[in-house]
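Mind docking chain B on chain A? Use the hints.
For the record, the sequence lines run as chains A and B.
Residues 1 to 109 (our numbering) are what the first sequence spells out, left to right.
Residues 1001 to 1330 (our numbering) are what the second sequence spells out, left to right.
Careful: at least some of the hints might be erroneous.
Said to hold, decoys possible - Straight-line alpha carbon distances no greater than 25 Å define the calculated DMTMM-like cross-link-like pairs of lysine to aspartate or glutamate that follow:
no. : chain 1 : residue 1 : chain 2 : residue 2
1   : B       : K1067     : A       : E95
2   : A       : K87       : A       : D102
3   : A       : K87       : A       : E64
4   : B       : K1029     : A       : E97
5   : B       : K1050     : A       : D102
6   : B       : K1042     : B       : E1208
7   : B       : K1187     : A       : E16
8   : A       : K87       : B       : E1196
9   : B       : K1050     : A       : E97
10  : B       : K1286     : A       : E95
11  : B       : K1006     : B       : D1069
12  : B       : K1286     : B       : E1310
13  : B       : K1050     : A       : E16
14  : B       : K1067     : A       : E97
15  : B       : K1286     : A       : E16
16  : B       : K1286     : A       : E64
17  : B       : K1025     : A       : D102
18  : B       : K1029     : B       : D1017
19  : A       : K87       : A       : E97
20  : B       : K1024     : B       : D1242
21  : B       : K1040     : B       : E1229
22  : B       : K1066     : A       : E64
23  : A       : K44       : A       : E16
24  : B       : K1066     : A       : E95
25  : B       : K1067     : A       : D102
26  : B       : K1286     : A       : E26
27  : B       : K1286     : A       : E97
28  : B       : K1187     : A       : E95
29  : B       : K1066     : A       : D102
30  : B       : K1048     : B       : D1020
Unchecked claim - Just a sample of chain A residues kept apart from chain B, beta carbon distances all over 12 Å, derived:
no. : residue
31  : F15
32  : T24
33  : I25
34  : G46
35  : S49
36  : P50
37  : V52
38  : G58
39  : F59
40  : I66
Treat the hints as calculated values from the structure; they're not laboratory data.
We put the CB at the ideal spot given by N, CA and C, even for glycine.
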Amino acid sequence: MNLSNDVPLDTIQLFEPDPNAVYTIEAAEHLARVPRRLIAVYYKHGLVSPVVDPDCGGFYFNDEGIRALRRIEYLRTTSGLNLGGIKMILDLMNEVERLRTDLRFLRGY
Amino acid sequence: MPVEFKDYYATLGVARDASDEDIKKAFRKLARQYHPDVAKDKKAAEEKFKEINEAYEVLGDPQRRKKYDQLGARWKEGADFEPPPGWQGRAGRSPGGAQTYEFHFGGTGFSDFFERFFGRGGRFGFPVAEDGFDAEQFRQPPGPARGSDIEGDILVTLDEVMNGSVRAISLQRANTSTGQTETHNFKVRIPAGVQEGQTIRVPGKGEEGASGAGPGDLYLRVRLAAHPEFRARGADLYYDLDLAPWEAVLATTVSVPTLDGRVNVRIPSGTNNGQQLRVRGRGLPKGLQGGRGDLYVVVNVQLPHQLNDEERTLWEKLSRVSRFNPRQPT
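Next comes chain A alone, as it looks inside the complex (with noise of 0.2 Å):
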């Protein structure tokens, strides 16, 4: 499907993700729609890892950590999974794709 002709490229909203954005955790629980002490919990069983800033002392999100979240919320709302399930759920998933990674590149594509 390729866009439509008619419509003038100059007039679509343009979005410009900044990818070093980090969010504060008052700005995830709004972005990912996860209350903030449920991201302490995640944090404190490993599930979630915010980007630290040594300067603020606090914990901050990413782009990355919100869809974290957002896979988390997902797994455990839909497919009832407890936080063990889910930690294992989501170390395969990037096990899966780290290796994934290395064979695409050591097919040489």
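For chain B alone, coordinates are given in the frame of chain A:
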């Protein structure tokens, strides 16, 4: 929904029983020819380059190729085709089994066909009442539930990683309240220095929420397009350099391509097969940390295929004179 069948074999111009090596060669040849940097008609070349990449994304992977061959067997010339049973692709199904939604991407570098059968995107995060989680404190905030998130892959070329780019994306999805198909056109900036697997979050471009709640987000996962010369790992690039045996033994200087012009690389004497020579700072931009990765030249010693009489005599003489025994432990 019927999907237009794509003949990836025709795209790469190879036979259906071509070997993996032939497919790789065909890809490299075409990718060099249509690389947006070298082609005269940039626009057309870019389109073609993406098609080639998509075809190689499938045929270059034995697992995907097998799946594709199974699909292809059911395909009739020129016809749109309905996938065989069991091929739900990534279309979402509610727990009840009814097809709940359908959406299509444009502008990501992958066609509908690819998206449907090989895309790894999917939706996640549809909000339902929590079950299996007992703690009272974990209740969702009250109010209508937000729309689902949508995840999809986006093919990014190495040149886009170098310079960044703006991509026009079109997303077709069913409006959950009216049931009508809507097309959303928008542009997304791909920042320079993105890496394989990195997420680009486009807020509000997921599915509409129920009863006036906000929409979900769109998550684009970066997939680096295959490049005819380089392989990427993190911010580092790898280039396979073919050498003659005497070049590797006696030292030489070779001109090697990089993403920004050629550089001369000195091959020291006694360079072994598989050895990596580093060209500092000629890899991909590192994004957050700044600076650039390195280019690794991987030595690949090639043996001559045909020998004339004189060459044969010389090799024979070498075999008599040389005391080198590769199987002797040092």
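Index of numbered hints that the structure contradicts, given in increasing order: Numbers 4, 6, 12, 22, 23, 26, 28, 31 and 40, in rising order.
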